[in-house]
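Asker: Dock chain B against chain A, hints included.
For the record, the sequence lines run as chains A and B. Sequential numbering of the first sequence, starting at 1, is according to this note's numbering. Sequential numbering of the second sequence, starting at 306, is according to this note's numbering.
Calculated from the structure, these hints are not laboratory results. Quick caveat: nothing in here was measured; it's all calculated off a predicted structure.
With a Cα cut of at most 25 Å, we get these calculated BS3-like pairs of lysine-lysine:
no. : chain 1 : residue 1 : chain 2 : residue 2
1   : A       : K108      : B       : K315
2   : B       : K413      : A       : K10
3   : A       : K281      : A       : K10
4   : A       : K181      : A       : K108
5   : B       : K486      : B       : K413
6   : B       : K586      : B       : K315
If you only want the chain B side, here are some residues facing chain A, beta carbon under 8 Å, derived:
no. : residue
7   : F312
8   : R391
9   : L431
All C-beta atoms in this analysis are idealised placements derived from N, C-alpha and C, irrespective of residue type, glycine included.
There are 2 protein chains.
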Amino acid sequence: MSGEIQFVEKIRRLAAVPAGSRLVLGIGDDCAIFRPRGALEDLLFTTDMLLEDAHFRRGDHPPFALGRKALARGLSDIAAMGGEPRFCLLSLALPDWTDERWADRFLKGLLRLARETATPLAGGDLARAERFSCDIVVCGAVPRGTALRRDGARPGDRIYVSGRLGGSALGLATRSGAPWKRHLLPEPRLALGRFLRETVRASAAMDLSDGLSLDLRRLCLASQVSAAIDPPPLFPGASLDQGLHGGEDYELLFTAPPRTRVPSRFRNVPLTCIGLIGAGKPGTVTLAGQPLAPSGFDHLARRGS
Amino acid sequence: MSGEIQFVEKIRRLAAVPAGSRLVLGIGDDCAIFRPRGALEDLLFTTDMLLEDAHFRRGDHPPFALGRKALARGLSDIAAMGGEPRFCLLSLALPDWTDERWADRFLKGLLRLARETATPLAGGDLARAERFSCDIVVCGAVPRGTALRRDGARPGDRIYVSGRLGGSALGLATRSGAPWKRHLLPEPRLALGRFLRETVRASAAMDLSDGLSLDLRRLCLASQVSAAIDPPPLFPGASLDQGLHGGEDYELLFTAPPRTRVPSRFRNVPLTCIGLIGAGKPGTVTLAGQPLAPSGFDHLARRGS
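Chain A on its own, in the form it takes in the complex:
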């Protein structure tokens, strides 16, 4: 099996969208965009799996945090497009080691965040399995035609990130303190996403789920541009490597035309210009002038090989 980018590219080639479909955007962005007949809003859809041993180990993650994180990951995709969440769906496969108390705590973590963000659980599916698996679908909405996408970056645009990077990777390595909390309880940047759509009018945006080096490459490929960046702001204690390649920060990566005024903070979250979009070979990223290889999280890479 080839890597994730190649496999997704193959699926995209095979999955032709028929004439007359109301799909505005299909495979390849944080969310798909669907335009219901007569509606004032475009709907955004994202799905995210959370699999035992692939994405977490049962001994490490308290079930309440895991339930919350399952939904947070989907909400982060909605935030990346500037959307407001509308509802979610949950598919859950429970192994025998999950007793009633564990399942309750998982659900409560998920449903607490659902309440906080007005994302009611609308349905789903249940099964027994040998490993725990969970797939979350989140539907969000934006006024028609206004979703932030990956493919809008243009040469000359500035590149920004929210927050400080590498905290989640540091937490996974140390399992203690603020970085571990950051890993367990990421905060989807919903309010920031809306601000980027309504006020900043970002030219492109996506969330940082698989590491800056890989995600920025994806944004550049979607926009058919290159990028030149400086080291990003780092989470206290995180290494440059963790900040560049660590996954699961769930901060937002976005671009804006050079004359756009981007504030240095939104609420308590710093917004930092880290570089410039260029007209080089699409998908190439340089750090301080040197090529930056994408070594973030490839979901189809074989582990340990």
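Answerer: The following block gives chain B in isolation, referenced to the frame of chain A:
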């Protein structure tokens, strides 16, 4: 862990839908119903997992059939509400035993049915895992307020099923001939579902995925009614037990007021009256006058126990 009905009931209690939400129907039917602002159509959403060892064994199912079935199960839920499919999303976790050829065949099976039914693949998620797992989300649409639901059956309504039951269970037991084909390649009853919504105006409907005895009980619980049935039409070779309790037939179960004219066939599919809705204890089902225990497929029952 208690059974599926109890667990779903608990989730439903915890998952409060906030005021102002545009969810028309949440947990507990074949699909959730969402009403987009200003739209002419209601949108239907269903999710269905297909898990190695829980729902299939890798040696038994050719990948092309498996991909097709993954989508067919979701389309069957859309059919049950009388919907037309709009798009689907696919979350896929691939184990190391799936090579590129296997994954290609799986995708091709899924995408062939997607083309046949105008259900473009809009996006999804990918991961590596120890077991194969797949979660399909299908979005469908009906004119506003017209979705067929489980909760509309009234005492005096007649109960109907499409097709002949037990074929899939027989196929799983024998692994040969027409029953096995039926098990591998179920046909979602999309055209029939639309006919039931537009022409018959069925009072309630659902698809038969977990066995008539359990699914009819669910319909009765949702409608707060009882049911009295005779033996259903059986797939050639299937036992009464397979017809009553066997899962995965993906036929439609529906009810209609006594004066409604229901044809004996729709295209090539027989439509058979099998009984009557009553005002007895909600959820009770009798077969030829005797109580019929729901012994279909409980998704949370521990296997082999």
